[in-house]
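Given next are the chains, with one letter for each unit.
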Amino acid sequence: MAQIGYSKKVLDHFMNPRNVGTIEDADGYGKVGNPVCGDLMEMYIKVKDDIIIDIKFKTFGCGSAIATSSMVTEMAKGMHVDEALKLTRNDVADELEGLPPVKMHCSNLAADALHAAIKDYKKKGGETKEGQ
Amino acid sequence: MKRIYLDHASAMPVDPRVLAFAERYLKSDFGNPSSLHSAGLTAKTAIEDARKKIAELINAEKETCIIFTGCATESNNLAIKGTALRNMGKGKKVAASAIEHISVINPMKELQKSGFEFTVIPVDSIGMVDVEKLNDSLTKDTTVTSIMYANSEIGTIEPIKKISEIVHQKALYLHVDATAAAGRIPIDVQNDGIDLLTLSSNDMYGPQGVGTLYIKPGVRLQTVLPGGGQERGLRSGTENIFAIVGMGEAARIAKDEMRQESERLEEIRDKLIDEITKIEESYLTGHPNQRLPHHASFRFSGIEGESILLNMDMRHNIQIATGSACSSKTLEPSHVLLAIGLKHEEAHGSMVITLGQSNRLEEVPKITEAVKETIERLRQLSPL
Numbered sequence: 001m002a003q004i005g006y007s008k009k010v011l012d013h014f015m016n017p018r019n020v021g022t023i024e025d026a027d028g029y030g031k032v033g034n035p036v037c038g039d040l041m042e043m044y045i046k047v048k049d050d051i052i053i054d055i056k057f058k059t060f061g062c063g064s065a066i067a068t069s070s071m072v073t074e075m076a077k078g079m080h081v082d083e084a085l086k087l088t089r090n091d092v093a094d095e096l097e098g099l100p101p102v103k104m105h106c107s108n109l110a111a112d113a114l115h116a117a118i119k120d121y122k123k124k125g126g127e128t129k130e131g132q
Numbered sequence: 133m134k135r136i137y138l139d140h141a142s143a144m145p146v147d148p149r150v151l152a153f154a155e156r157y158l159k160s161d162f163g164n165p166s167s168l169h170s171a172g173l174t175a176k177t178a179i180e181d182a183r184k185k186i187a188e189l190i191n192a193e194k195e196t197c198i199i200f201t202g203c204a205t206e207s208n209n210l211a212i213k214g215t216a217l218r219n220m221g222k223g224k225k226v227a228a229s230a231i232e233h234i235s236v237i238n239p240m241k242e243l244q245k246s247g248f249e250f251t252v253i254p255v256d257s258i259g260m261v262d263v264e265k266l267n268d269s270l271t272k273d274t275t276v277t278s279i280m281y282a283n284s285e286i287g288t289i290e291p292i293k294k295i296s297e298i299v300h301q302k303a304l305y306l307h308v309d310a311t312a313a314a315g316r317i318p319i320d321v322q323n324d325g326i327d328l329l330t331l332s333s334n335d336m337y338g339p340q341g342v343g344t345l346y347i348k349p350g351v352r353l354q355t356v357l358p359g360g361g362q363e364r365g366l367r368s369g370t371e372n373i374f375a376i377v378g379m380g381e382a383a384r385i386a387k388d389e390m391r392q393e394s395e396r397l398e399e400i401r402d403k404l405i406d407e408i409t410k411i412e413e414s415y416l417t418g419h420p421n422q423r424l425p426h427h428a429s430f431r432f433s434g435i436e437g438e439s440i441l442l443n444m445d446m447r448h449n450i451q452i453a454t455g456s457a458c459s460s461k462t463l464e465p466s467h468v469l470l471a472i473g474l475k476h477e478e479a480h481g482s483m484v485i486t487l488g489q490s491n492r493l494e495e496v497p498k499i500t501e502a503v504k505e506t507i508e509r510l511r512q513l514s515p516l
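Quick mapping for you: the protein sequence lines, in order, are chains V and P. The numbers in this note's numbering rise by one with no breaks, and the one at position 10 of the first sequence is 10. The numbers in this note's numbering rise by one with no breaks, and the one at position 361 of the second sequence is 493.
No lab work stands behind these hints, which were simulated from the structure alone. Please note that a few of the clues may not be correct.
[To be verified] Within a straight-line C-alpha distance of at most 25 Å, the following computed SDA-like cross-link-like pairs (lysine to any residue) qualify:
1. P/498 with V/15
2. V/46 with V/101
3. P/504 with V/21
4. P/184 with P/219
5. V/31 with P/477
6. P/504 with V/11
7. V/122 with P/318
8. P/403 with P/362
9. P/475 with V/37
Every value quoted in this text rests on a predicted model; they were computed, and no experiment measured them.
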């Protein structure tokens, strides 16, 4: 069975990723990475009263790219957007019981994708969008 | 779930017959071949017997053409650095194809630092060495040219005989890394016109920890590992008798059974290629028919190879390999896939299957289903 230095939790999130998909009327959308580098992540968020009420992702990439995407959606769901903006790559890696050192930078972009989605939400006017 | 192991290019089990044959050289016949007493003589005799079997596998002129080393990497280093340094008076150029193993490329890069010129010979989109470029690149200063017999990542078999003609017209020595090919397809160093040939024990069901270098009579090279003078002074160090004897027996079995076994694996390979290339946006990599009998390699659009490997392993208990950057230490995609002209994003989605003794034709549907499920699942996750 595969090891490559991945924790059980990483493998669990890879095998059973949470919150896969897209949100058609998303309030925020973020995209980071590049297929040339082997990782591309898209993050969709639905926000109500500045709280992330729904979140979905799509990821092209290695095991840790998929696992970190899944993990960050679980962490961010129900969070205030400003709180979610404070989530770091290290927080995601810690929550997954660590990532192999070589993977810490290249495929640990999930927090960046989340931040991009939140910034997109804020750019669109944040909570003023509510009630539209 | 029963395991289906499809990564024989990475590691192979030792053939039980090999183990049975060589075991006593760990337990009772453990003498040092350099000792003059009877225990030493027993070990020495066993090593010479292994040398003979390996010489027979590749039709070497004499047993003494075979030098035992620690592994194929060491054989490649000895072949390249040994000849380049010994023949510096004739020229300071070396050449290799763009798809050589890293243990060929890195010694050549190291020679570059000592003032050698290193020429890389390109390959086409199915991995065949560009013989015209080879012809144009080589000069009388090129002391060693290294071209592999067959590639372990894309399965392509190179036209060694033709390459040998060019090398010997224009330059000095041809070194051939036959790690992936030995025991799979017939190799005849005399007929093929090979000066130096690398073999690996574990790549033909022998124990790990031993390789050989064939050196044609008259080829001049110097050691890269000086010491007690074993192996004609070309590779010092007390012999790994168990592994050497095992490699000899593995070579004998390969010679006897290669044809039949390769035909058996070819049938499985062709079936797998047929089925897997039916998947949307899946492509065979390497040569469509001039390829190793046990080798099937692919790439899939929109997904990444490490994820393929993990999903195949964890969900289906099937072990495959990938040339994806994400599974490498350097985070660079396989240089072989880039050399055949794949873009980075294409090289990321590769899968390599190498069959072996344990595989059966009846496994094909299960493997195909597993690949389909894997590709489908990862594509559902992918934004591409």
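Results of checking the hints against the structure:
1. P/498 with V/15: holds, 19 Å
2. V/46 with V/101: Status violated; Cα separation ~33 Å.
3. P/504 with V/21: OK: residue 504 of chain P and residue 21 of chain V at ~20 Å, within 25 Å.
4. P/184 with P/219: Given pair residue 184 of chain P, residue 219 of chain P is violated - Cα atoms ~28 Å apart, limit 25 Å.
5. V/31 with P/477: The hint holds at about 17 Å.
6. P/504 with V/11: holds, 20 Å
7. V/122 with P/318: violated, 67 Å
8. P/403 with P/362: The hint is violated at about 47 Å.
9. P/475 with V/37: Measuring from Cα to Cα gives roughly 11 Å; hence the hint holds.
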